[in-house]
Amino acid sequence: MATLPRSKKRKQSSEDVVAAVEAPAFSAPVQSLEMLSDDEGPEETASDDGQVDEFPEIDGASDSEEEALGDDEDEEDEDEETDEEDFEEADSDDSLDRDIFPKPKTIISDITGQPKRVYPEIEPDYDSDSSTEDTQNRVGDVPMHWYDDLPHVGYDMDGKKVLRPARGDELDKFLSTVEDPSAWTSAFDKTAQMDKPLSAEELDIIRRLYANEVPDASYDPYEPMTEWFTGKGKEEIMPLSAAPEPKRRWVPSKWEKQKVMKIVRAIRQGRIISSKPKTASKLDFYSIWSEPSTSHAPPLPAPKPRLPTNSESYNPPEEYLPSEAERAEWEALDPEDRERDYLPKKHSALRLVPAYDRFIKERFSRQLDLYLAPRIQRVKLNIDPSTLIPKLPSPQSLKPFPNYKSLKFTHSGRARCISISPDGAWVISGDEGGVVSLWEVNVGREVKRWKFEGKIGALEWCPRLDVSYFVVGVEEALHFVIPPNVPSSVLLLTQSLLAPTTLPPAPETPSPVKWVTPPTSSWSPDTAILTVHLPPSSGLPKQITWHRRGDYMASVSSGGTQGGVWMHQITRRHSQAPFKKIRGAVQLVLFHPLKPHFFVATQQYVRIYNLSEQKLLKTLTPGIKWISSMDVHPSGDHLIVGGYDRKLCWFDLELSDKPYKILRYHTRAIRSLAFHPTYPLFASSSDDGAIQVFHSRVYNDLMTDPLIVPLKILRGHTVKDGLGVLQVKWCARQPWLVSGGADGTVGLWCS
Amino acid sequence: MAPASHPAVFTTQSPYPLPPQMFMIPATWSRYQLSQLVNKALTLAKPIPFDFLLRGDLLKTSLADWCTQNAVGEEETLEIEYIESVLPPQKMSDLPHDDWVSAVSCQLEQRFLTASYDGQLRAFDYSQHQTWSSAIHSAPITSFCIVPSTSADSHLIATASHDLTAQLTEITLATAQKTKPLASLHLHTAPLSSVAANSSGSQILTASWDGLVGLWDTVVPETDEVPEPAAGDRKKRRKIEENKPKRKAPLMVLKSHTARVSGAVFNDEKTAYSCSFDSTIRSWDLEHGVCANTITSSERPFLSLSLAPSSAPFTVLATSTDRTISQYDFRDPHPLASLTLTHPATPSCIVRSPRHPHQILSGAYDGAARIWDLRSVKGATPVASFKPWDGDKKILGVDWKIGGVVGVAGEGGLGVWKVGEGA
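Protein chains in written order, with the working numbering: chain A, 1 to 751; chain B, 1 to 423.
Chain A extracted, bound-state conformation:
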């Protein structure tokens, strides 16, 4: 009896479900049914005992065992099955329970010899389900209200009356719902006229119906497809139907044709208007901003504005506030060059921040931008201008060079020409008044003065060291003058050179140039010891230049034939014109310092002649409109040519006919150029009153270009009548420069 409450409970829980399902009117018979079942209890409980306990196991194991055993035990179990059937039929009382909960039978397996449980085979015939009809009442399908007044409800199989079960009143019904746990899973059986508990299957069906599922629990809607015709050996060789293809498959449908023709006709008659034009009045709107126009490149996205920094705060930290110096520097800068367009300002409160003072201006410039500026990307070259300057050594490292005016010597007229003695101790300077002054380089005291007729055109000291004299070029004459205070041996040698006692034999061809020596008695330090009279109307000698050996001298006159060039040989007292005819007006001539070459500068060209072979070697084209000056480097490989058009051309004579470098740094015409004989220096003077000194290092290595470094601009001469510094000359042994200016001063520039 211990198990009774449990079964009761089960019934009660099932009854709850039924109570929910069925009308409460049935609850009273359920109550009575329950009461009745107590009577039969010992019978049923004996069979129920194991059933109830084992229900979950049996259900699950029977399924699996049935499947697992499957084919293996089919034949073996044949006999057992029949046995079981017999047993079932014999045990008819238990058929109801047996059907719902098939009882296993424990037998000893023939094969394994182990005990095993065997479940009865369920026969799938129609009668097999008769278990559901095993009620005692066999009254059949008659209306049950026929028995309403009778004490029985029908008759059982044996013809005995089946008594109506007792039914309690409402209170019993209530008590049964409280006490019997399975009351809520029981339902009223019409035939038995009593409540019967619902089986698990029935409850499951109810649940499924509630959940809108298939009521049959065994139905699997997703069971795997059975492949009847696919796979090897299952293919159907013959068609399933041999019927020929119906005609409608290939004959065009008349009905469709009629239908289509009807529409066509309607279109033709205008009853159907195909693609009716859209309403013309409707405007088209384009989103011009969102969609890029295809013909142009997409516009540049606006740059993202920079995030504000601390310095832009209205109350920046103290270290962001500019000092007075920084503020002044910022204000001094051009607005375009400023790194920031504001100055950090400190306000103690946000309400004290004034209005944006540059608002109007910013708007205005924005308008200007829109109005004036093309919307293009501005390409700005970020090149540091200092990197464009060539790397040159500093002038300080190239000392010595003249950098200050040590002393000044004053002439009354323009000091047009100067010359420095080959030992570098004396300077002669000639002015336009015909005065030639001799002064010592270092003190500037005039030691001797000569007066000649007319302008002094040129002056040049003889480069020989064993004799001492200089040549002064005046109108149509060259005067040879011996300076004072020369040693007696030098004086004698000079005298014998310039005024030999026995004159050399006269040349075969008479020259128009006359060499005249005054008689010995009239010699004086104030007059020339020898005078060379150039042919008449030859004009003023513009230039006198010596061959380095001091025997040949060339002079260029402003007028006359043969370009005004005369070559004088001192020892033979003979002059000749080297050129019969020369194209262009000769400006300057120069002897090559080492080779027998002769440079002749006309207005625009410099020609180089070989004197020994008497032929033209080269024509240099400096590209200068009017050549004013020229000098050759002491090495003889480089030539500088200056012009009145301010240009200075540096020629590498071994390189090209074109200038290696063209410099244009003077603001006015270049007047004179000079290479220093020993130091790597050259100077140029100009009508702007300035002298520029350059470092010019020439390398023996042919691969290395000459180094030209501007060193110093010497200012000190005043420009008079548009003329500045007329001539510059270097001291022989010192880096000192002597310059003669149109203002009448001759300056010595010392290092």
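Each hint should be verified, as a subset may be incorrect.
[Claimed, not checked] Derived lysine to any residue pairs resembling SDA-like cross-links, with alpha carbons at most 20 Å apart:
#	chain 1	residue 1	chain 2	residue 2
1	A	Lys399	A	Val698
2	A	Lys448	B	Thr296
3	B	Lys393	A	Arg445
4	A	Lys408	B	Trp389
5	A	Lys399	B	Thr296
6	B	Lys180	B	Ser149
If you're looking for bench data, these hints aren't it; they were derived computationally from the structure.
Since the model is a prediction, treat every value here as computed from it, not as a measurement.
Using the hints provided, position chain B relative to the given structure of chain A.
Just chain B, lined up with the frame of chain A:
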């Protein structure tokens, strides 16, 4: 706020020492207040102006300014050396000449001797009168010196000239003014640049543009030691036969310079120094006539030379065309210019103070004579400067006599100035 003050200790080499004592000196004080303080501390009867040297720098501003310039803290004890200050030079007289004056000497009693570019030697007394003149050379005289001699009234003068000779002349200035050319010194083949005599008067040095230095004695030879050139102008010489100086040959020729020798001085009886345009200063061993030591500077052609003031033996000062005066010490194995005084123009001449151990006087082509104190090396500014003439007339020679008389010779003639040497 109390004015800042500096602790300071005063030192001196002058004859007015202070007891060693620490002074607290207000930072705003400058030279004047310091000088007053020292004078008060010394309790001198007659106040003496002092100048003050701070770390070799002459104090020209206030003490505070000097400290900020030199980054000296307030707590540091300053060692202030005081020196007698140089009074502003005063012009005494101006003696114009017809030509440029190349050299001046104040060494004679009551006389100034000048040598001029017209070849004349002139003597002036202190009352600005020319007492004597004589045409010694036909060419400009570049330099002269008075050869010290024992006789009182006659003086031996050595002159160097552009005419390639130097000349020894005996002059008498006192009563009967006489000029007697004694000997002409024939060696050089180029104009002479300077002449110098030693202190005993036995030897003369001549420097010439031909790179030679001649060493001569002062003995007048009986006959010509150098033959006359075989020139034809014998008639002229005959006329002045009796007055003709003897032609004298050098004792020794000092030959090492490669360019013009611009100055030569005796150091003592046995050594001499010479400077040249080849940027060297050489010391000569006069006994053997060899170059004992050479100081080579880079690209600094020297124009003139002077011995450094008595405080520095074996040391010379030389002016160069790069507008500096440099001091070189021959004892230094690798001599560099220990001191450089920068001028605005070419300094042409230099003389040391006859009495003061640290002062020199230089004359430059800008017409200013400057007095330098060699102790105040840092600033390299002159202690005092004056211009004898208006404009930029060149100064060619200076001389300084004991007593503060300075003769300045140059383009404008001769200027005589009084330089206060401090009592």
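Do the hints match the structure? See the list:
{"no.": "1", "hint": "Lys399/A <-> Val698/A", "in the structure": "holds (16 Å)"}
{"no.": "2", "hint": "Lys448/A <-> Thr296/B", "in the structure": "violated (35 Å)"}
{"no.": "3", "hint": "Lys393/B <-> Arg445/A", "in the structure": "holds (12 Å)"}
{"no.": "4", "hint": "Lys408/A <-> Trp389/B", "in the structure": "holds (17 Å)"}
{"no.": "5", "hint": "Lys399/A <-> Thr296/B", "in the structure": "holds (16 Å)"}
{"no.": "6", "hint": "Lys180/B <-> Ser149/B", "in the structure": "holds (15 Å)"}
In the structure shown, a violation is registered for the earlier hint numbered 2 alone.
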